[in-house]
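Listed here are the chains, written in short residue letters.
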Amino acid sequence: MESLIIAVLLAMMAVVTVVVAVQRNLFAVVILAGIYSFLMATVLVALDAVDVAMTEAAVGAGISTVLMLSALYLSKGEEMKPLHRPLLPLAVAAATGVALVYGTLDLPAFSDPRAPIHQHVAPRYIHDALRETGVPNVVTAVLASYRGYDTLGETTVVFTAGIGVIALLRRLRRLKPEPEDAR
Amino acid sequence: MKDYLVLRVIAKLLIAFMLLFALYVQFHGDFGPGGGFQAGVIAAAAIIFYGIIYGLPAARAVVPDRLVETMIALGVLIYAGVGVAGLVLGGNFLDYFVLAHDPVHGQHRGIFWVEVGVLITVAGVMLKIFYLFAGRASHEVER
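Chains U and G, in that order, give the protein sequences. Going by our numbering, the first sequence opens with residue 1, and the numbers climb by one from there. Going by our numbering, the second sequence opens with residue 1001, and the numbers climb by one from there.
Don't take each hint at face value.
Not close to chain G: a few residues of chain U, all C-beta gaps over 10 Å, as computed [what the hints assert, rightly or not]:
id : residue
1  : Ile-35
2  : Leu-47
3  : Val-59
4  : Tyr-73
5  : Leu-83
6  : Pro-86
7  : Val-92
8  : Leu-100
9  : Tyr-102
10 : Ala-115
11 : Val-121
12 : Arg-124
13 : Glu-132
14 : Val-135
15 : Ser-145
16 : Tyr-149
So the derived label-pair ranges between C-beta atoms look like this [stated by the list, open to error]:
id : chain 1 : residue 1 : chain 2 : residue 2 : range
17 : U       : Val-98    : G       : Tyr-1004  : 30 to 40 Å
18 : G       : Pro-1103  : U       : Tyr-73    : 48 to 58 Å
19 : G       : Val-1084  : U       : Leu-88    : 47 to 57 Å
20 : G       : Leu-1020  : U       : Gly-164   : 46 to 56 Å
21 : U       : Leu-88    : G       : Val-1088  : 56 to 66 Å
22 : U       : Pro-113   : G       : Ala-1016  : 37 to 47 Å
23 : G       : Val-1088  : U       : Val-8     : 46 to 56 Å
24 : U       : Thr-104   : G       : Phe-1031  : 33 to 43 Å
25 : U       : Ser-111   : G       : Asp-1003  : 48 to 58 Å
26 : U       : Leu-10    : G       : Leu-1013  : 29 to 39 Å
It should be emphasised that the hints constitute simulated quantities derived from the structure, not laboratory data. Built from N, CA and C at the ideal position, the CB exists for glycine as well.
Turn these sequences into a full structure, and let the hints steer you where they fit.
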């Protein structure tokens, strides 16, 4: 039953992807991208990855849709016709996709308990996280404590992204001062 | 969108719950799904929602630019500060065990502050990006 639900959701995501590629109206594309993220979040819930699902729903479907819409507000609503025939890029993308699928054939089966990734540090996290950190949610324990360095790096990446956007858009604004700035 | 009465009323009702939900996600992250990142995005979404309905100047009056820019840096500083606190108290960088007499309490304390740092930075960055994008079209938004 669960795999059926996931298969249906993945099929819907594939349909959305094709429509996004074909659609020229950018507003529709942005909304479809939001729908794609919601479908992905639902798949993640079905896979019991609630933390990731929550992030996907909040960031992918929520914030990025709003940001894309506000960017769209500054540009035209229709995508231009491509200058070249898209056959070569399509072939490259298809070949890459086939290669990736071929690569997954060598991976251990999904949720195989003997997979290498479940043999390394995962047992320690699952058995000792509650005793060592006192946090019942293993994801939070790993994210904030065991892998605190990684999360610090992640926060720095978000910080850098914010600084980059400020640097880019502020400069443009200075060239064309707007009365709204005076407040 | 200032003329839509229904949107304005519903927004006013919802925003309080959105912020409350952000706090729930933040402080319940130890027990359920969630944490600083998700909570920061939800909190920013509440303010962005307010900005979309009531106009950018209204949002900027509630959360001014200066505060948002301070938040962007402050969150990372809090996070790194927890690490430095671990160093000062005799552990390694980002060692939480030394933050309290009981190692598990120290872990709790460390995780709490680290998540607060993530929340502040993420919320600040999301808000700032929205402000900048929306501000570039402000001559039309503000009508």
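Verification of the supplied hints:
Listed as outside the interface, Ile-35/U is consistent with that label: its C-beta sits roughly 18 Å from the nearest C-beta of chain G, beyond the 10 Å cut-off. The claim that Leu-47/U lies off the interface holds: its Cβ sits roughly 13 Å from the closest Cβ of chain G, which is beyond the 10 Å cut-off. Not every CB of chain G lies more than 10 Å from the CB of Val-59/U, the least distance being 6 Å, so the non-interface label is violated. With a cut of 10 Å on Cβ distances, Tyr-73/U falls inside the contact zone with chain G, its closest approach being about 5 Å.
Listed as a non-interface residue, Leu-83/U keeps its Cβ farther than 10 Å from every Cβ of chain G; the least gap is roughly 27 Å. Annotated as non-interface, Pro-86/U keeps its C-beta farther than 10 Å from every C-beta of chain G; the closest such distance is 29 Å. At roughly 32 Å, the least C-beta separation between Val-92/U and chain G is larger than 10 Å, which holds for a residue marked as non-interface. Distance to chain G confirms Leu-100/U as a non-interface residue, since its nearest Cβ pair spans about 27 Å, more than 10 Å.
With a minimum CB-CB distance of about 34 Å to chain G, Tyr-102/U clears the 10 Å threshold, and the non-interface call stands. With a minimum CB-CB distance of about 24 Å to chain G, Ala-115/U clears the 10 Å threshold, and the non-interface call stands. The claim that Val-121/U lies off the interface holds: its Cβ sits roughly 17 Å from the closest Cβ of chain G, which is beyond the 10 Å cut-off. Against chain G, the non-interface label of Arg-124/U holds: every CB pair exceeds 10 Å, the least being about 15 Å.
Chain G draws Glu-132/U into its interface by the beta-carbon criterion, the shortest separation being 7 Å against a cut-off of 10 Å. Distance check for Val-135/U against chain G: the nearest CB is about 5 Å away, which does not clear 10 Å, and the non-interface claim fails. Its beta-carbon lying about 6 Å from the closest one in chain G, Ser-145/U breaks the requirement of being farther than 10 Å from that chain. The non-interface label for Tyr-149/U is inconsistent with chain G: the shortest C-beta to C-beta separation is roughly 6 Å, within 10 Å.
At about 49 Å, the beta-carbon gap between Val-98/U and Tyr-1004/G misses the expected band of 30 to 40 Å. The hinted window of 48 to 58 Å between Pro-1103/G and Tyr-73/U holds, with their beta carbons roughly 52 Å apart. A C-beta distance of roughly 52 Å is found between Val-1084/G and Leu-88/U, which places it inside the suggested range of 47 to 57 Å. A hinted range of 46 to 56 Å is violated for the C-beta pair Leu-1020/G and Gly-164/U, which are about 32 Å apart.
At about 58 Å, the beta-carbon gap between Leu-88/U and Val-1088/G stays in the expected band of 56 to 66 Å. In this structure the hint that Pro-113/U and Ala-1016/G lie 37 to 47 Å apart at CB holds, the actual value being about 45 Å. With their beta carbons about 54 Å apart, Val-1088/G and Val-8/U fall inside the hinted range of 46 to 56 Å. A C-beta distance of roughly 34 Å is found between Thr-104/U and Phe-1031/G, which places it inside the suggested range of 33 to 43 Å.
Range check, Ser-111/U to Asp-1003/G: about 52 Å between beta-carbon atoms, so the 48 to 58 Å window is met. The hinted window of 29 to 39 Å between Leu-10/U and Leu-1013/G holds, with their beta carbons roughly 36 Å apart.
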